[in-house]
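Visitor: Residue-level listing of the chains:
Protein chains: 2
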Amino acid sequence: MADVESTTACQPLSLTNARELLDSVDAFLLDCDGVIWKGDTLIDGVPETLEMLRSKGKKLVFVTNNSMKSRKQYAHKFQSLGIPVTEEEIFSSSFAAAMYLKVNEFPPQKNVYVIGGEGILEELKLAGFTGHGGPEDGAKTVQLKANTLFEHDKNVGAVVVGIDPNLNYYKLQYATLCIRENPGCIFIATNRDATGNMTDLQEWPGAGCMVAAVCGATEKEPIVVGKPSTFLMDFLQKKYNIPTSRMCMVGDRLDTDILFGQNAGCRTLLVLSGVTSQSTLQDPSNRIQPQIYTNQISDIFDLLKS
Amino acid sequence: MADVESTTACQPLSLTNARELLDSVDAFLLDCDGVIWKGDTLIDGVPETLEMLRSKGKKLVFVTNNSMKSRKQYAHKFQSLGIPVTEEEIFSSSFAAAMYLKVNEFPPQKNVYVIGGEGILEELKLAGFTGHGGPEDGAKTVQLKANTLFEHDKNVGAVVVGIDPNLNYYKLQYATLCIRENPGCIFIATNRDATGNMTDLQEWPGAGCMVAAVCGATEKEPIVVGKPSTFLMDFLQKKYNIPTSRMCMVGDRLDTDILFGQNAGCRTLLVLSGVTSQSTLQDPSNRIQPQIYTNQISDIFDLLKS
Chain A
-16 MADVESTTAC QPLSLTNARE LLDSVDAFLL DCDGVIWKGD TLIDGVPETL EMLRSKGKKL
44 VFVTNNSMKS RKQYAHKFQS LGIPVTEEEI FSSSFAAAMY LKVNEFPPQK NVYVIGGEGI
104 LEELKLAGFT GHGGPEDGAK TVQLKANTLF EHDKNVGAVV VGIDPNLNYY KLQYATLCIR
164 ENPGCIFIAT NRDATGNMTD LQEWPGAGCM VAAVCGATEK EPIVVGKPST FLMDFLQKKY
224 NIPTSRMCMV GDRLDTDILF GQNAGCRTLL VLSGVTSQST LQDPSNRIQP QIYTNQISDI
284 FDLLKS
Chain B
-16 MADVESTTAC QPLSLTNARE LLDSVDAFLL DCDGVIWKGD TLIDGVPETL EMLRSKGKKL
44 VFVTNNSMKS RKQYAHKFQS LGIPVTEEEI FSSSFAAAMY LKVNEFPPQK NVYVIGGEGI
104 LEELKLAGFT GHGGPEDGAK TVQLKANTLF EHDKNVGAVV VGIDPNLNYY KLQYATLCIR
164 ENPGCIFIAT NRDATGNMTD LQEWPGAGCM VAAVCGATEK EPIVVGKPST FLMDFLQKKY
224 NIPTSRMCMV GDRLDTDILF GQNAGCRTLL VLSGVTSQST LQDPSNRIQP QIYTNQISDI
284 FDLLKS
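The listed protein sequences correspond, in order, to chains A and B. Reading the first sequence from the start, the letters are residues -16 to 289 in this note's numbering. Reading the second sequence from the start, the letters are residues -16 to 289 in this note's numbering.
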């Protein structure tokens, strides 16, 4: 008798598996960039799809690695795009960084140096921590002259690095000195996405670029709190009390979204509306396979609306 | 009978091994940052030491990973510090990048995009190539707005990345687009030093930081042309016709200078006047051992002057 091997090949979304997915899932975890929007432009059919999922009693949770904004700022963005989403439904990597410090009892009298956007500083503040750096250091320059000593805050106990379109040598030296010279200083990466749809027409270097730069200068590896790390899953489970097997992660990146879903034991759905093309998905070198893939999230709506 | 294992432990410089070294070596390959100078400040005793080595008939070759300057600019720097060194005695990683393209028959009608200093652009020009980027892109900014397309030169066939104190998101996106989207575009790193003595008082992020940033965004690994790669050794050997066993590499970094010397089959001398401390050298986790170490290069002069 021949061995029977159950293969779980990645399937395109169909009426059959879309129905099965909806029946077996209580919560959809949705990535934002490349799933909901590209830059500030909404992807076609998103509002009606989210509305349909809500109308069927599904919980919606937005899990984004983009740390530029805080949860509050993301809620505003959703609202400005005409999608009703509350702050509590958003789990951003900026929030994850602050929660990592809280859970690990980071001393509130210590400071946090930030390479990244305002969102990280805002989440740190909400969690009771004092951050500096970020946008305010974006215009600072360095003097490479004799007898000039670049001073840094010896009270920095953690450096958080996220995507930063205002990266410069000042910030790189600042973060490097904190990590190399402040005893016990921890190095947190919001995420390591190589690129992201920072605008609707193009991909741009993501947090993976800034994080790698700091790794390159410090020769240290960071603690990653965003996807594919499942650090946020504890918060999600406490809040919604849904087993991960009844959650579906929907995302456009294999190495963050789909891997996160797999790591957490969720169902996985890849959409091709972001950084992953069908040829990348089906390339023999790709070892991360979602359970289902489709062009864009509204395909669920189109299949099930009737 | 017990096995006898010949150990080649790293020895401190002494009168005995200094004499033996001079007797067995015809050329000294000298790193610059941390050996000759720190930033723009000469390290004590360098001029008399170099003079003594020359007076004993030793060839001097300056092999620097710092790509900020061209060979011509380095010769000026030496002269301004009162040390007579000619352009031909200098092998910088900026020169190495240009030579790599030449040796590999890079088409001169293609362009080269540069993250790094003027030195790289100058060496490219001397070798007959057209480079752009570098300092001129240091003040450029990006617009992360809808419908804005970041345009890049589709004729760029190589990206060269070296240390760049004017790194910004514009350059990172430019280099990333060339490497990801221009078919066959090659990615060259002048070197991957984590840090360097960009000023006399401090270490600063080195080319390893900028190179890692580009790796992080492109998910590609570069061709490294500076130390510890022995790419330049062919040029050195053709020029001086000295076997590598009769060369001594003198440097302050284990993972570039000393490894380069070992890779090439040279004698190796570590000086503690740069980025490596005695405790780092002797830490059990350090696996790169020079043959001899000493505080600074002038210790040779002090031992042998009498």
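In case anyone wonders, no lab produced these hints; they're calculated from the structure. All of these numbers come straight from a predicted model, not from anything done at the bench. Just so you know, not all the hints are guaranteed correct.
Because identical chains share one entry, a pair is satisfied inside a single copy or across any pair of copies.
[To be verified] In silico PhoX-like cross-links for lysine-lysine, where the CA-CA straight-line distance does not exceed 25 Å: (1) 288 - 221; (2) 108 - 128; (3) 108 - 42; (4) 39 - 222; (5) 137 - 42; (6) 137 - 55; (7) 55 - 128; (8) 55 - 203; (9) 93 - 42; (10) 222 - 123; (11) 128 - 85; (12) 93 - 221; (13) 108 - 55; (14) 39 - 123; (15) 41 - 203; (16) 85 - 39; (17) 93 - 288; (18) 41 - 123.
Visitor: Indicate which option fits the pair residue 93, residue 288 if close means a Cα-Cα distance not exceeding 25 Å: within, between, both or neither.
Guide: Cα proximity of residue 93 and residue 288: none, with 53 Å in one copy and 53 Å across.
Visitor: 25 Å Cα cut-off: does residue 41 pair with residue 203 within a copy, between copies, both or neither?
Guide: Intra 41 Å, inter 40 Å, cutoff 25 Å: neither.
Visitor: How would you label the pair residue 41, residue 123 (within, between, both, or neither) given a Cα cut-off of 25 Å?
Guide: Neither: 47 Å inside a chain and 46 Å across chains, both beyond 25 Å.
Visitor: Could you figure out if residue 55 and residue 128 sit no more than 25 Å apart (CA to CA) within one copy, between two copies, both or neither?
Guide: Result: close only across copies, 21 Å inter versus 42 Å intra.
Visitor: At most 25 Å between CA atoms: does that hold for residue 128 and residue 85 within a copy, between copies, both, or neither?
Guide: neither (40 Å within a copy, 34 Å between copies)
Visitor: At most 25 Å between alpha carbons: which applies to residue 288 and residue 221, within, between, both or neither?
Guide: neither (32 Å within a copy, 75 Å between copies)
Visitor: Check residue 108 against residue 55 for me: Cα-Cα at most 25 Å, and say if that holds within a copy, between copies, both or neither.
Guide: within (13 Å within a copy, 51 Å between copies)
Visitor: One pair to classify: residue 137 and residue 55, alpha carbons no more than 25 Å apart. Within, between, both, or neither?
Guide: Classified as neither; 31 Å inside a copy, 40 Å across copies.
Visitor: 25 Å Cα cut-off: does residue 222 pair with residue 123 within a copy, between copies, both or neither?
Guide: neither (41 Å within a copy, 45 Å between copies)
Visitor: Regarding residue 39 and residue 222, is the shortest C-alpha distance of 25 Å or less found within a copy, between copies, in both, or in neither?
Guide: Classified as within: same-chain Cα gap 20 Å, cross-chain 77 Å, threshold 25 Å.
Visitor: Taking 25 Å as the upper bound on the Cα-Cα distance, should residue 55 and residue 203 be classified as within, between, both, or neither?
Guide: Close neither inside one copy (32 Å) nor across copies (36 Å); limit 25 Å.
Visitor: Within a copy, between copies, both or neither: which one fits residue 137 and residue 42 at a CA-CA cutoff of 25 Å?
Guide: neither (44 Å within a copy, 46 Å between copies)
Checked against the numbered hints listed earlier, the structure breaks hints 1, 2, 3, 5, 6, 8, 9, 10, 11, 12, 14, 15, 16, 17, 18; every other hint is satisfied.
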